[in-house]
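Chains A and B, in that order, are what the protein sequence lines are.
Heads up: the first sequence runs through residues 1 to 656, numbered per this note's numbering.
Heads up: the second sequence runs through residues 1001 to 1100, numbered per this note's numbering.
None of these hints come from the bench; they were simulated from the model.
Among the hints, erroneous ones may be present.
Which chain A residues face chain B? A few, computed with CB under 8 Å, are given here [what the hints assert, rightly or not]:
1) R6
2) A94
3) E249
4) S257
5) T290
6) G326
7) F328
8) L491
9) I492
A quick note: this is a predicted structure, and the numbers were derived from the prediction, not measured.
Just so you know, even glycine gets a beta-carbon here, dropped at the ideal spot from N, CA and C.
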Amino acid sequence: MPNQLRIALAGNANVGKSVIFNQLTGLNQIVGNWPGKTVERAEGTLHFKGHTIHIIDLPGIYSLSTFSMEEIVSRDYISIEKPDVIVNVVDASALERNLYFTMQLLELEAPIIVALNQVDFAAKKGLKIDVEKLSKALGVPVVPTVAITGSGIDELLSTVIATVNGEQKRKSLKMRYGREIEKRVQAIEKLASSKLSQLCTVYPTRWIAIKLLERDADVAGKLQNYENGKEVLKFAEKSAGELEKMHGESSPVITTSERYGLATKIANAVTIVETPPRVSLEQKLDAWTTHKFLGYPILAMVLASMFALIFLGGNFISAGLDYVFGIFTAYIESVFLLFLPEIAVNLITDGILAGIVAGITIALPYIVPFYIFLAILEDSGYLPRAAFLMDNLMHKIGLHGKAFIPLILGYGCSVPACIGCRIMETERERFLAAFVVVLIPCAARTVVILGLVGRFVGLHVALALYAFDLILVFILGRIAFKIVPGEPVGLIVEMPSYRRPSFRNIIMKTWSRTRDFVYVAFPIIIVGSLVIVAFDALGVIDYITVAASPLMSDWLGLPPVTSIPLVFGILRKELTLILLQDVLLQQGMVLQDLTSVQMIVFALVTMIYIPCLATIAACKREFGWKRAIAIMTVDIAFALFLGGLAYRFLSLTMLT
Amino acid sequence: MRFRNRRNRRARGAQSNGGVTSLTSLGEGEKGIVTKAMGGFGLVRRLTEMGITPGIEIRVLRKCAFHGPVELEVRGVALALGYGVASKVFVTPLKDEADA
Ligand SMILES: Nc1nc2c(ncn2[C@@H]2O[C@H](COP(=O)(O)OP(=O)(O)O)[C@@H](O)[C@H]2O)c(=O)[nH]1
Ligand SMILES: [Mg+2]
Chain A
1 MPNQLRIALA
11 GNANVGKSVI
21 FNQLTGLNQI
31 VGNWPGKTVE
41 RAEGTLHFKG
51 HTIHIIDLPG
61 IYSLSTFSME
71 EIVSRDYISI
81 EKPDVIVNVV
91 DASALERNLY
101 FTMQLLELEA
111 PIIVALNQVD
121 FAAKKGLKID
131 VEKLSKALGV
141 PVVPTVAITG
151 SGIDELLSTV
161 IATVNGEQKR
171 KSLKMRYGRE
181 IEKRVQAIEK
191 LASSKLSQLC
201 TVYPTRWIAI
211 KLLERDADVA
221 GKLQNYENGK
231 EVLKFAEKSA
241 GELEKMHGES
251 SPVITTSERY
261 GLATKIANAV
271 TIVETPPRVS
281 LEQKLDAWTT
291 HKFLGYPILA
301 MVLASMFALI
311 FLGGNFISAG
321 LDYVFGIFTA
331 YIESVFLLFL
341 PEIAVNLITD
351 GILAGIVAGI
361 TIALPYIVPF
371 YIFLAILEDS
381 GYLPRAAFLM
391 DNLMHKIGLH
401 GKAFIPLILG
411 YGCSVPACIG
421 CRIMETERER
431 FLAAFVVVLI
441 PCAARTVVIL
451 GLVGRFVGLH
461 VALALYAFDL
471 ILVFILGRIA
481 FKIVPGEPVG
491 LIVEMPSYRR
501 PSFRNIIMKT
511 WSRTRDFVYV
521 AFPIIIVGSL
531 VIVAFDALGV
541 IDYITVAASP
551 LMSDWLGLPP
561 VTSIPLVFGI
571 LRKELTLILL
581 QDVLLQQGMV
591 LQDLTSVQMI
601 VFALVTMIYI
611 PCLATIAACK
621 REFGWKRAIA
631 IMTVDIAFAL
641 FLGGLAYRFL
651 SLTMLT
Chain B
1001 MRFRNRRNRR
1011 ARGAQSNGGV
1021 TSLTSLGEGE
1031 KGIVTKAMGG
1041 FGLVRRLTEM
1051 GITPGIEIRV
1061 LRKCAFHGPV
1071 ELEVRGVALA
1081 LGYGVASKVF
1091 VTPLKDEADA
């Protein structure tokens, strides 16, 4: 009897949902040790004892109120799609805070099972949880798990099946509020059940009543479609007003406090404090890395070693691969020439093959080390610390510390960085963050900066370009902050304990990110190369060169043919350097024939002028065409403007 | 955690001044009882949901230099609040029994 089941994983950020998800489905999903990064829901399927189970990993949230889009998405998913079971993943080492979320799931009257995860970590902190007692208190099954080792996962699945089959009958906890609140909840409930009978089939009536009492904007909005909605809303608002007068707090604060009160009571009753926690290595690390003075040199060192690894490691690997592929390509070419006409061979070798080789020898050597380093940073829990340290500085550009995380991502690839801006709370924050993030030179731009300026002009000049970029980010960010309307939001972020990164997690994460990169980037690289070969054959290249000539030679002081790599660089920025080499070659020149000033100007323009096609697509998806185009226009305008200025300024100062 | 609660009560009795101050005026390692979070509906609500409810004990773990963010412990969890946010949380300072 092949049975179809749907289960959802829900819980706070950073409790181990994604690790459990991976354990269950074997599918790779991004997991890490910083809050809020499961930004898209992930789905997977598994087979267990004749059942087909569809699993969805809901984003990590702290509550089911309407502070963020993710919370609304999650609670709508739970109430509207009604999965068979919700697995509420709970962090045993922070039970109180996690149970607050459980209280809300119970209020939604969702069929839940608690996965009491990270019991190993709790034990390390000297905390032991009485599982049976917790299960009794909540009235739902509780299964202890250690997601990273996979222990308890099978029991979890068996419990899911048993619950669906009705073998696990338990009466789940129904929370009662204080008398004054309860009285009002019940009155609203009564009114709602008669006036909003249809809405009450989707959401539990009691839950609607509580949310209305809490002045929940989303639920209030749902009432607009009802004839008598206004009446119910008015009554609820009156009730909330009375409560607020009595307590001197806004109504959600009152109900939240009560929910927390119960969560605390249960947590205290089931937690056994075994050994007084001693100062561990993790705590010492924590103290150093967030130290008000020491923290900054450490942060600088972490970032510097990351770049050193990417640049040195990348250069080394890249050079090696280059050599190997050089031989390989020549061989393939000679073989093909035996039985194919020259044009076809050109198309294959210069188009497809050159594209793949460029991707492998240029993009991957820089991208993979970056992803490994990033995975370690994420898994250890360092990123929120960096956010903490950088909060002050980020406020200067209207953002808060968390925006530093996508900023770091930006040095790898702008696409995940752009998507990573979702960790910001409001639309305005997300847009501002994305605006500065695309200005950060990604690995592909790094190839140009280091491969051209670093190699032929000097490393110090290349580093100066990076420094200049940061200043530019700061200035443009500040201008954007002043222009874009709205109030800045402050930093509120959980600081997870340091953990030793798990090797398996890092490998899985690096692998899945690299795979995504290859899927997205390689087709574009290959198509891009083909287009260039075709354009070259059709003479379009010459046309572009002539058209762009005044801008190139008069304003930027570059040879006119350099417009080609800049235009086609939009397809993929790491192509820029290869193309530059190619077009110069056609003119009988090599890279070294460019003057230092030309190299710097070229690298500068490449660094700023436009995010690549994939990034534009990501921006469009996140913010719509209007804002994506706004970002692009500003970038192009600034790149050309600054390129021209740099040409004039450098020509004067670097005159030899 | 039960242990901590017992300590709360004693500490509350021993508290030196009943003055309410902003969270930002607590020093590193100092404790306080939250009295109220000010600010907009959304902010107050978010803080409450992160566990900063009236009457709860918090401890300042760390403060960044130059009016930077504040890291505090609340309900067994470490939380970082930007300076602007932290300055909207009001607390009654507790005298640390360690120096008694
Ligand atoms: N010690 C320990 N660490 C865990 C366990 N489960 C997850 N982690 C770690 O907790 C962090 C957050 O996990 P993740 O699945 O990304 O959390 P999510 O935000 O809920 O999806 C990662 O660094 C995991 O390695 C566990 O059972 N024990
Ligand atoms: Mg996750």
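Results of checking the hints against the structure:
Hint status for R6 of chain A: violated, given a least beta-carbon distance of 27 Å to chain B, over 8 Å. Hint status for A94 of chain A: holds, given a least beta-carbon distance of 5 Å to chain B, under 8 Å. Satisfaction of the interface hint for E249 of chain A is found here, the shortest Cβ-Cβ separation to chain B being roughly 7 Å, below the 8 Å cut-off. Proximity of S257 of chain A to chain B holds as hinted, the smallest CB-CB distance being about 4 Å (cut-off 8 Å).
Hint status for T290 of chain A: holds, given a least beta-carbon distance of 6 Å to chain B, under 8 Å. Interface restraint check: G326 of chain A against chain B, minimum CB-CB distance 50 Å, threshold 8 Å, status violated. The interface hint given for F328 of chain A is broken, as the beta carbon of that residue sits about 51 Å from the closest beta carbon of chain B, more than 8 Å. Here the hint on L491 of chain A is kept, as its CB sits about 3 Å from the closest CB of chain B, short of 8 Å.
This hint holds: I492 of chain A has a C-beta 6 Å from the nearest C-beta of chain B, less than the 8 Å allowed.
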